[in-house]
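For this one, chain A is given, so just place chain B on it according to the hints.
Now for the letters of each chain:
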Amino acid sequence: MNILAKSELKSLDQAIRETIYRACLLLDDEKFMDWLALCAPDFNYRITTYSPEIRRNMTWYQQDVAGLRGMIEMLPKHNTDHGRLTRHVTVYTVEADGSQREAKAVSSFACYRTMLDGINSHIDSGETQLFLIGKYYDRFRIDEDGPRFVERNVFLDTRRLDKGSHYPI
Amino acid sequence: MNIEMGKAAYDIGEAIPYVDSRIYSDRNIFEEELEKIWKKVWLATVHESELPEPLDFRTLTLAREPIIIVRGSDNKVRAFLNVCPHRGNLILRQPSGSLTVAEPSGNANHMTCMFHAWQFDCFGGCVDIPRAKAGYQDRLRKEDVSLKKLPCEVAHGGFVWVSLDSNVEPLSEYIGAAFDIMKQELDTEPLTIFHYHKAIIPSNYKLWHDTNSEFYHDYMHYFNRATSMQQKGYFERQYTAFPNGHCTVGSMEVKYDAYQGAADRVLSFPGMARNGWKMVDLFPGATYNIRGSSLRVDTMTPLGPDRVMIEFRGLGLKRDSMEEQEQRVRDHNTIWGPFGRNLHEDLLGITGQGVGMQPGSTPRRILHGRRENNTIHDEIGMRHFYKEWSGRMGRSPSDPFPEVAVAAE
Numbered sequence: 022m023n024i025l026a027k028s029e030l031k032s033l034d035q036a037i038r039e040t041i042y043r044a045c046l047l048l049d050d051e052k053f054m055d056w057l058a059l060c061a062p063d064f065n066y067r068i069t070t071y072s073p074e075i076r077r078n079m080t081w082y083q084q085d086v087a088g089l090r091g092m093i094e095m096l097p098k099h100n101t102d103h104g105r106l107t108r109h110v111t112v113y114t115v116e117a118d119g120s121q122r123e124a125k126a127v128s129s130f131a132c133y134r135t136m137l138d139g140i141n142s143h144i145d146s147g148e149t150q151l152f153l154i155g156k157y158y159d160r161f162r163i164d165e166d167g168p169r170f171v172e173r174n175v176f177l178d179t180r181r182l183d184k185g186s187h188y189p190i
Numbered sequence: 195m196n197i198e199m200g201k202a203a204y205d206i207g208e209a210i211p212y213v214d215s216r217i218y219s220d221r222n223i224f225e226e227e228l229e230k231i232w233k234k235v236w237l238a239t240v241h242e243s244e245l246p247e248p249l250d251f252r253t254l255t256l257a258r259e260p261i262i263i264v265r266g267s268d269n270k271v272r273a274f275l276n277v278c279p280h281r282g283n284l285i286l287r288q289p290s291g292s293l294t295v296a297e298p299s300g301n302a303n304h305m306t307c308m309f310h311a312w313q314f315d316c317f318g319g320c321v322d323i324p325r326a327k328a329g330y331q332d333r334l335r336k337e338d339v340s341l342k343k344l345p346c347e348v349a350h351g352g353f354v355w356v357s358l359d360s361n362v363e364p365l366s367e368y369i370g371a372a373f374d375i376m377k378q379e380l381d382t383e384p385l386t387i388f389h390y391h392k393a394i395i396p397s398n399y400k401l402w403h404d405t406n407s408e409f410y411h412d413y414m415h416y417f418n419r420a421t422s423m424q425q426k427g428y429f430e431r432q433y434t435a436f437p438n439g440h441c442t443v444g445s446m447e448v449k450y451d452a453y454q455g456a457a458d459r460v461l462s463f464p465g466m467a468r469n470g471w472k473m474v475d476l477f478p479g480a481t482y483n484i485r486g487s488s489l490r491v492d493t494m495t496p497l498g499p500d501r502v503m504i505e506f507r508g509l510g511l512k513r514d515s516m517e518e519q520e521q522r523v524r525d526h527n528t529i530w531g532p533f534g535r536n537l538h539e540d541l542l543g544i545t546g547q548g549v550g551m552q553p554g555s556t557p558r559r560i561l562h563g564r565r566e567n568n569t570i571h572d573e574i575g576m577r578h579f580y581k582e583w584s585g586r587m588g589r590s591p592s593d594p595f596p597e598v599a600v601a602a603e
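Residue numbers (the working numbering), protein chains in the order written: chain A, 22 to 190; chain B, 195 to 603.
One chain only, chain A, in its complex shape (with noise of 0.2 angstroms):
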């Protein structure tokens, strides 16, 4: 059994925190195929949120690397919104599995919308206001490389998104 010696969790713990701000900096600025980077080959990313008018969990977006990576090519055929995206984000928990290589991570998130031409770019354009806020659940994998995002679930305590938008958040 290869348990991890005290020092090597504490390590962990920072470069998992680390793997998560890094990932928020990408995403921030829109460098969506660095931030698959972080993840591994077998990564799953959804979106998801509780209806309480409906009563039921729902998925609102869900893909894998290569569905991602399709999604992120298409981009620029697609019309949307120019306003930018910012995350602030705390790291709650770290939670690493010694033996199996592998740790969570619960953070928690505001997403603001800096908008550029969403609706009207003479009045609004510069003005940012709270797009999102809920969590995120992370799964890694520890290889020799150090983390590896195997699955990220953003659980959305929004739920009225407007426009909505076409990016990963």
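Don't take each hint at face value.
Claimed, not checked - Not the full set, but computed from the structure, chain A residues with beta-carbon under 10 angstroms of chain B: (1) Lys31; (2) Thr70; (3) Ser72; (4) Gly91; (5) Arg105; (6) Arg108; (7) Asp178; (8) Ser186; (9) Pro189; (10) Ile190.
To be verified - Rough simulated footprint, nothing fancy, chain B against chain A, three-plus residues with beta-carbon under 8 angstroms: (11) 92 to 100; (12) 138 to 144.
To be verified - As a list, the in silico DSSO-like pairs of lysine-lysine whose alpha-carbon atoms are at most 27 angstroms apart: (13) B/Lys392 <-> A/Lys98; (14) B/Lys449 <-> A/Lys98; (15) A/Lys156 <-> B/Lys343; (16) B/Lys426 <-> A/Lys98; (17) B/Lys327 <-> B/Lys234; (18) B/Lys512 <-> B/Lys230.
If you're looking for bench data, these hints aren't it; they were derived computationally from the structure. The beta-carbon is built from N, C-alpha and C at its ideal position, and this holds for glycine as well.
Leaving out everything else, chain B in the frame of chain A:
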């Protein structure tokens, strides 16, 4: 302008029909629409699967009137005004729930107004007034202060239809044959809801219905251009108009695999081709839209001349296995979820129209003039809507203020 446009005519002869942009922005017209249209017709609301058990409820608002939908202990779905007859307070405040749960002010199995603890049963009857005898002596009878009951029917795929008009015509007369194109898909077996979200958009409600009533805007959607417009059968899709302002759009074979990352549909509905695509647009603000494996139903709540709430529901078959429902959810989300390829673009479209035709802006002519033998890029769907609108409003959409000299240009 170097085009043929009738001065005040709408959809007559060879002239290019247009509407005056003030029908999308004028507050008086909006208020008149609530009174003459939204408070007079049948409106699709929630789906019956949102209240599966006796005493389950949903709340909503129609034309500013708060509404309760409740499944009775007899399993029948009813609609009531969600306003206490005592002092006009809201009775049920949560979006959904079960009356079997007791409230701090009232007993289980009742609807209780928290303000003074008046209680009502699932049939709308008043069953308890605290200290009634002491305060009202014999001057007030419980049977005189029931909740106002509204016309309510479950139909067309299990949706709960409600009208604010007690004298409304039967739902079957209002809808007529508009659902014939989708009857087998909707009514062969029970449906169930798997998706709900809502959007509030700074735009007029009719602009969303216009978007759902014309396909010329497919140029905005790369997904639709690749999978439909460039495919066989697209330009043969036919609009059919029905009495009371409803219309339908005929099917075609969508080639989903023409879009990178999308796949042809595996699941369907009874009578529906796997990659088929049908629509029913209902006056004044609902659309049923089936793309092979998922049914999307849009319902609108107009909030002002420049503000509308749109609720989006996704449905599949009640008998679906968990795996089948997950497949329908994936198919639905690809294009219609809040992160889907098409919906975001559609909502950006009417947001821009809301800026271009905001209240107080200079009246403009908005063209409704494409004629292509009622096929997919014909704007017959919009023109048919505005003929009904004109009849109910007593106004021409192209000259809504004949008494005022300013004309749209």
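Violated hints - listed by number, lowest first: 1, 5, 6, 7, 15, 17 and 18
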